[in-house]
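Kindly generate the complete structure, drawing on both the sequences and the hints.
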Amino acid sequence: MPLMFRALWQYRHFVTSSIRNEFSSRFVRSKLGGLWAILNPLAMVAIYALILSNVLQAKMVGIDSQYSFAIYLTAGMLCWNLFSEIVSRSLNVFIANGNLIKKAMFPKIVLPAILVGTCLLDNALLFIAILIVFALLGHMPGFEVLWLPLLVLATVALGVGVGLTLGILNVFLRDIAQLVPIILQILFWFTPIVYPVSIIPEKYQHYLYFNPTYPLVKAYQDILVFERSPDMQQILLVVCASSALLVLALFLFFRANEEMADVL
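Residue numbers (the numbering used here): -5 to 258.
Be careful, since some hints might not be right.
[Stated by the list, open to error] Quick list of simulated restraints, FRET-style, between CB atoms:
#, residue 1, residue 2, range
1, P190, F137, 21 to 31 Å
2, I193, N93, 47 to 57 Å
3, V191, N93, 38 to 48 Å
4, K197, N15, 28 to 38 Å
[Said to hold, decoys possible] Once the Cα atoms are required to be at most 25 Å apart in a straight line, the calculated SDA-like pairs of lysine to any residue come out as:
#, residue 1, residue 2
5, K102, F17
6, K102, G92
7, K102, Y203
8, K102, S62
Think of the hints as simulated: they come from the structure by calculation, not from any bench.
Owing to the predicted nature of the structure, the values given are computational and were not obtained by experimental measurement.
Cβ atoms here follow ideal geometry from the backbone N, Cα and C, with glycine treated the same way.
See the structure below:
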């Protein structure tokens, strides 16, 4: 474990430059350049605001706004996008970088670090876009937003724990890459993002806590929508589960280190 962190520190410039290069490569020969990174998520949340709230006239209890449904939905999407992007991109992080993995002196743990950094950058830009839309709609979060960095860390821990484990297994069993997007779709619709918890019969609501993303999504909604502090007891349970998954992922990583290079 100490060697892993030492390797990350020694290759920190490689990690930061790789994140920067991956981000800038998306906008090569583009007139607006990096502005597209904000315009794209801004357009997405604007569509939610105009279509879902205005056309469908969807309303949310507890939010005094004509665009209450869009506010609720985009808050949940901020959490879900970070988790799902980390998991989805982790599936092929080792396969796509097979040439680097075969180099004996290259620390393979750097690859997930680059992936997480890129996902965090994308999520930060999405957060900025959401705040702009919230401001235009007359809804700004309060001081509870200071809880957000802790929730981001919890979401990243869960995403890396799940994603890294699946990414290692996917090297040896490629069917996993086909199965995980289906599971993510099912998990998305079993998470109250596009619908409120209140539509679920009360006797079934406790089953939501078997979904590890639910406490995180709910915490984002509490902070950004309802301006209240999150339920830290539930967040701590997610952190404990994420820590266990991270330990499992690192165990598999060190055990399968040499085998991955041979398979790739």
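Right, here's what the structure says about each hint:
1. Checked against the hint of 21 to 31 Å, the pair P190 and F137 passes, with Cβ atoms roughly 24 Å apart.
2. Taken as a hint, the range 47 to 57 Å holds for the pair I193 and N93, whose Cβ atoms sit roughly 49 Å apart.
3. Distance hint check: the CB atoms of V191 and N93 are about 47 Å apart, consistent with the given range 38 to 48 Å.
4. Between K197 and N15, the C-beta spacing of about 52 Å breaks the proposed range 28 to 38 Å.
5. Distance check on the hinted pair: K102 and F17 sit about 21 Å apart at the alpha-carbon level, within 25 Å; holds.
6. In summary, the hint linking K102 to G92 is supported, as the alpha carbons are separated by about 10 Å, within the 25 Å threshold.
7. A distance of roughly 34 Å separates the Cα atoms of K102 and Y203; the hinted pair therefore is violated under the 25 Å criterion.
8. Taking the CA atoms of K102 and S62, the gap is about 44 Å. The hint is violated against a cut of 25 Å.
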